[in-house]
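Chemist: Chains as they are written, first to last, in my numbering: chain A, 30 to 322; chain B, 245 to 385.
Keep in mind the hints are simulated off the structure, nothing from the lab.
Misleading hints may appear alongside valid ones.
Once the Cα atoms are required to be at most 30 Å apart in a straight line, the calculated DSBU-like pairs of lysine-lysine come out as [said to hold, decoys possible]:
#  : chain 1 : residue 1 : chain 2 : residue 2
1  : B       : Lys-252   : B       : Lys-275
2  : A       : Lys-166   : B       : Lys-271
3  : B       : Lys-352   : A       : Lys-32
4  : A       : Lys-277   : A       : Lys-94
5  : A       : Lys-31    : B       : Lys-316
6  : A       : Lys-33    : B       : Lys-275
7  : A       : Lys-32    : B       : Lys-285
8  : B       : Lys-280   : B       : Lys-316
9  : B       : Lys-352   : A       : Lys-31
10 : B       : Lys-285   : A       : Lys-188
11 : A       : Lys-188   : B       : Lys-352
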Amino acid sequence: MKKKIIEVGYGSVNKVKIGSNMPLAFIGGPCAIESREHAFRMADLIDNICNKLNIPWIYKSCYDKDCRSSPESFHGVGVEDGLGILSDIRDEFGLPVVSDFSDSAWAKATGDVCDMVQIPAYLCRQTSILRSAADTKRPIHLKKGQFMSPWNMKNSIRKLEDFGSEQVLLADRGTFMGYNMLVNDMTCFPIMSQTGYPVCFDATHSIQLPTSMGNISGGQREFIPYLVRAATACGINALFMEVHDNPKKALSDANTVLDIKYLENILSQAKIVHEMRLELKEKFGEDNVHPDE
Amino acid sequence: MSIQMNKKTLVNEVMLSVEMCPVISEKIILKEALEKMGAFKLGISCIVSSNGKLIGILTDGDIRRKLLKSQKPLSALFIDDALVHSIRSPIVVQPSDLLFDAVTLMDKNQVWDLPVVDNHNKLLGVLHSHRAVAVLLGIVN
């Protein structure tokens, strides 16, 4: 299978190429857009770190969190205000931006502003969502559902290709093990890579304990660095982490978002591991252990 | 009793046309290929490129051997591209070949079906052993 490289960024923003032999790309930001001021502050803080480390990155934040466990939880600033803020961040920082959409009616507006559109893991096999994502003509960040095997993601890929999209980034965000628990199977990266599309590791959602706190999710963020090193060594092309400057006050995913004080340390390690893996590939070639021998 | 064999019969007089046998594209997964083989009641599926050229075949025997070797879950095997498990340079015959020679080739290689291609490797059909032998022996026309 020919390895594909996707390019994220239209107009005058930075172009981020994601794929084989490319630098590790980072996708990050606060889980939800909390306010214009907070979104801009986070973009500035992350941009400084990524520029310092020379890591290409895409700003991520969502305008509508439709999968909250509780109706009382913060739902988001809404489509219009949220996309307006993301558009202004693009202009101000020259960054590509990504946001997810949970309703196919929001796809066009999302694609009109965002450089990449994201499909939530719970909706990864919904035909109407996949069709509307492809219709935006933007690269698509498709997260593997926690209930899906990595090989079955090929069905979603086949739908997207049928709808005319060939710019896809496949992400793992953990797999359900029983109730309220996720595990990461690192073999999902080489398996999903067999589709030819680049793969991403969503570190902060992987350590989530879904709805473990009754009406909200818990998380074990202490494991983020371990999983990041492991996934990067397994050959991911992009790393996804939600970050916040005050996780305790985060309006969404407060138990899983990474405190920004740790971001430079973790990204530095991820970059080193990624570059080491590329060196190993250069020196020893592609992994080629045959399955049937 | 002596058997009168139709030694002058050509492959194109006996072969199944592409409409009568499982022909699949290179994007078809193994599960879909097996379903198609079942629908046509044949133990072979021919994989063709977008311009109709033969790029591989998949047979019952290939799958049987694969099932004994593969360690991955069946659900993962099912969704592999059929092409991954195919024979990429199969033995083929041409429509102008003698049926007798084609059946001799089947016996020599212990295969039940042979893809029929033209000079440019375009798939024209499949020669199936049951009908081939029956015609050769004069059991059917």
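Chemist: Evaluate each hint against the coordinates.
Modeler: Comparing the hints with the structure gives:
{"no.": "1", "hint": "B/Lys-252 x B/Lys-275", "in the structure": "violated, 40 Å"}
{"no.": "2", "hint": "A/Lys-166 x B/Lys-271", "in the structure": "holds, 22 Å"}
{"no.": "3", "hint": "B/Lys-352 x A/Lys-32", "in the structure": "violated, 40 Å"}
{"no.": "4", "hint": "A/Lys-277 x A/Lys-94", "in the structure": "holds, 18 Å"}
{"no.": "5", "hint": "A/Lys-31 x B/Lys-316", "in the structure": "holds, 22 Å"}
{"no.": "6", "hint": "A/Lys-33 x B/Lys-275", "in the structure": "holds, 25 Å"}
{"no.": "7", "hint": "A/Lys-32 x B/Lys-285", "in the structure": "violated, 36 Å"}
{"no.": "8", "hint": "B/Lys-280 x B/Lys-316", "in the structure": "holds, 23 Å"}
{"no.": "9", "hint": "B/Lys-352 x A/Lys-31", "in the structure": "violated, 37 Å"}
{"no.": "10", "hint": "B/Lys-285 x A/Lys-188", "in the structure": "holds, 29 Å"}
{"no.": "11", "hint": "A/Lys-188 x B/Lys-352", "in the structure": "violated, 43 Å"}
The structure shown violates the earlier hints numbered 1, 3, 7, 9, 11.
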